[in-house]
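**Q** Sequence:
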Amino acid sequence: MENNHNNALNTFIIQHIYRLYKRRDFEGLNDIGLSKETAKRVASLSLEDVARLESFRAKIAELRVTESHLEMMIAHVQHEGAKEELVDQLIQLGASQVMLWELSGIDHAEYRERRKTLGLPKASAGRPSALTEEESTALHIAWQRYADEEDILLRYYYVGLCTEISLSRVWNYLQTPN
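In this text, residue positions in the sequence shown follow the working numbering: the first is 4, and each later residue adds one.
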């Protein structure tokens with residue numbers, strides 16, 4: 004099993020060396036501890052020679068994962084994925100493009116594409132209808148209930164779920180000076 008692992012790792016490293024050399028990324032070669040001359044030799048190998056080189060059982064590199072960096076990267080990717088999912092949920096709760104532009108930088112094209120992907124009709128044009136007195140009261144109560152939520156997108160999400168008022172109407176109401 005280890006031989007397959009070593010062969011796969013060797014193949015990846017040889018291909019990486021080849022790409023770095025062809026891009027003339029000598030700093031990248033230096034970062035992995037390889038001289039320009041050795042990289043040139045790897046890049047000049049025939050396909051048959053590369054295949055033979057890849058088949059050696061010996062490791063051509065020691066691999067060490069920087070676990071703390073990997074954990075930070077995983078957390079970042081998961082956070083971004085959760086944010087993307089939250090934006091989709093906000094759109095389903097009626098968030099307007101203007102609102103999402105202000106809060107998370109979603110432009111017109113991305114907003115339209117997301118609505119299309121979510122199977123939603125085109126967004127209606129014009130100003131959202133005003134809140135009734137009952138809706139206004141419900142909004143104030145919900146807005147205060149989630150005042151401690153640091154993530155403004157989550158705060159709008161919770162308010163939208165709680166009040167069942169379209170987020171475009173919530174946004175419009177909260178942006179209008181009283």
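Honestly, I wouldn't trust all of these hints.
What the hints assert, rightly or not - Computed cross-link-like contacts, DMTMM-like style, restricted to lysine to aspartate or glutamate with a CA-CA straight-line distance of at most 25 angstroms:
| # | residue 1 | residue 2 |
| --- | --- | --- |
| 1 | Lys125 | Asp91 |
| 2 | Lys39 | Glu51 |
| 3 | Lys62 | Glu87 |
| 4 | Lys39 | Glu57 |
| 5 | Lys125 | Glu153 |
| 6 | Lys86 | Glu30 |
| 7 | Lys39 | Asp28 |
| 8 | Lys62 | Asp52 |
| 9 | Lys62 | Glu30 |
| 10 | Lys86 | Glu153 |
The set of hints was computed from the structure by calculation and includes no laboratory data. For clarity, every value in this text was computed on a predicted model and none was experimentally measured.
**Q** Against the earlier hints, flag every one the structure doesn't satisfy and list their numbers going up.
**A** Hints 3, 5, 6 contradicted; others consistent.
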